[in-house]
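A.B. asks: These protein sequence lines map, in sequence, to chains H and F. Heads up: the first sequence runs through residues 10 to 565, numbered per our numbering. Heads up: the second sequence runs through residues 305 to 502, numbered per our numbering.
Worth flagging that the hints you see were computed from the coordinates, not collected in a lab. Even glycine gets a Cβ: it sits at the ideal position worked out from N, Cα and C. Some hints here could point you the wrong way.
Unchecked claim - Derived contacts from chain H toward chain F, CB cut-off under 10 Å, selection only:
(1) C203
(2) M241
(3) I244
(4) G250
(5) F267
(6) S340
(7) F378
(8) S509
(9) Y510
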Amino acid sequence: MATQTQVIVNPATRRGWLDHVQDWVTTVDHKKIGLMYIGYALIFLVIAGLEAILMRIQLLVPNNNFVSPQVFNRLFTMHGTTMVFFVGMPILFGFGNYLVPLMIGARDMAFPRLNAFSFWVSAFGGLLLYFSYFAGSGLYGAGTAPDVGWFAYAPLTARVFSPGHSTDYWTLSIFISGIGSIGTALNIVATTLCMRCPGMKLSRMPLLVWLYLVTSGLVFVTISPLTAAQIMLCIDRYLGGHFFDTQAGGSAVLWMHFFWIFGHPEVYILVLPAFAFANEIIPVFSRKAIFGYPAMVAASVGIGFVSLSVWAHHMFTVGMGPGPNAFFTFSTMVISVPTGIKIFNWLATLWGGNIHFTTPMKFAIGFLFQFLIAGLTGIMLSVSPFDWQLGNSYFVVAHFHYVLVGAILFMIFSAFYYWYPKMTGRMLSDKLGSWHFWLFLIGFHLTFDFMHIPGLLGMPRRIYTYEADRGWEIWNIIVSSGAVFQAVATLIFVWNMIASYFKGEKSGPDPWDAWTLEWTTSSPPPSYNFATLPVVESRRPLWDRKHPEEPDSQYE
Amino acid sequence: MSTAVALAHEQIGEWKQPSRGIVGMACLVIAESAIFIIFVVAYLFYIGKSLRGPTPREVLEIPWFASICLLSSSITVHFAVHDLRHSRIGRFITWLAATVLLGGIFLAATAMEWYDLIYHYGLTIRTNLFGTTFYSLVGLHASHVIVGLIMLGLALVFAFFGKVNAHHAERLEVVSIYWHFVDAVWVVVFTVVYIIGR
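Next up, chain H with everything else stripped away, as it sits in the complex (with noise of 0.2 Å):
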């Protein structure tokens, strides 16, 4: 395939750069606005890692003064924001805008406008949230940024406890980047149902659709409570309402139950799109095709609807007594069932195969083994006499983070260096991709595996500081001393992605002899994407052309 790389003149070349700006802002192009979607989460994932970074160096050491208790408080409100709604969901639905079209064979998305839409509604929620350290206090001179945790539970955010428009800005922010990702989600639905291509059938589509196809069907469940619970805290704070108000009869568990009926299929939410990338890389680079597609598909679309029944063992600490206690324990570990599924599947997929271990399939074989990991501390936590003990404890949140870090970053990383040669034409450094995977590694190791142990030995979590003789010192300093391996590997990814994009090696359309869509257009692919629509034969369109004298159509 590399005999067909084209010279790409590109005749923007000689324009002004209020051109390309225009260019740009006006675009409703699913690739355009899948890079834009991109470029703003790289933007506040590094601004949410340095509010990490700000508090582990708060917490390297016992009665620190770093920051303030306030400033701590708003940190960790910011840094879980950000990182779910303006971080994990934007890159993901900034890969999804990129990929789904091509993948099925259209030129654009469904509902191409609504799209740019959806695109800078979500932008625009990000920086209102961000605004809040600027206009914050309001009037009142009170508070500046959202301080109430990202789950913000009543009676916090009742206007005597939170003065000001912090949580205002966190209200807002969050409702418009809501309205956003359900734009999004319809986009990706409507686009994969009615737009596939001549011969691609749903039992024939790339596992990747599939899986945004859930996740998309996900978001309108899920971020519509989170959208509605947003509407009734505004209608307390505005109107003078009594939802949440305890005062006049009002409930703070109910907001508890609100929040997490999104919070926790929101988790499945980021992670699928992850799972989509591995169903991707994972056999391109074990040279196979993917075993157990129909088996996949189930798993997925079974994840989709149990997760939907979890949401209240974040809630086990709060007292609800035997029954749904046991029901919740009970659909938790039900959930691992299918996730267990996929795993083999990719194991299986593994098996046997001749492994390239390029940087893509490193992060890749990283994220397997530590999915698996994150995954049985949940089942841990899914115990609720277990989850009395160490719930809100450091624990919790070395459980999520290695979902979060372990799982979804690290597939994130796979992705970035498998579709940047499709993005930009140019291949990222091996090299430095291995110094990346390494060091990140590392790092995550160091800071997600030893922050397990304060959390056993009692650490709650939002703390600002801790006494000296609480014996969690070494763990905290191992904890914080992985941060800055983290930091140095994130800088270097930067640095690859800037430099390969001047210097990196040309890719040509297709650099890892793949065998779904994306790779017959052009790296990168013109706006039309395809000159004639494709029509497809078997679930790998590309293997199919490639070896024409035993084509898959005549197997599935």
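With chain H held as given, fit chain F onto it using these hints.
C.D. replies: For chain F alone, kept in the frame of chain H given last:
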């Protein structure tokens, strides 16, 4: 890739996929349903938990007439789409105007109910939990009625000026799905607020 093998096109046959407008609206309906479910759950959860009056039984009257108007507008919008598809523009405009009128009557009835509650019974959104949940659930529904009326009203204005023909039937159908959804939600809200909650 142009040199790649020509695929057997004849095997594909006719390639049909659902309309993206209808799929998009169906997705929106699912997302909106989730929002309404949360408000309905909050309403049910807070029935009888207000610390002071007035209670629903004291102040609420069952809005039979308005409900009949809103539900029959589902039938009229269905006929409007049907007639537009068959290019019977005159009848289409009549049915669409009837739909807008019936929706308008419903909205006016809600406004009168609220006026009564606020000025005669002193029930506002801050009075008690009943007020908070009642105004937010019924208000959320009413705001959806307003959005629907704006869309149907625009279609009516365009139709008056002769800009609507049978090619637009699918688009009107997408709007009608939204309108049916608004009506279906009213059945739930009506049951919860005026039957169970009273």
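A.B. asks: Can you give the numbers of the hints that this structure goes against, from lowest to highest?
C.D. replies: 6, 7, 8 and 9
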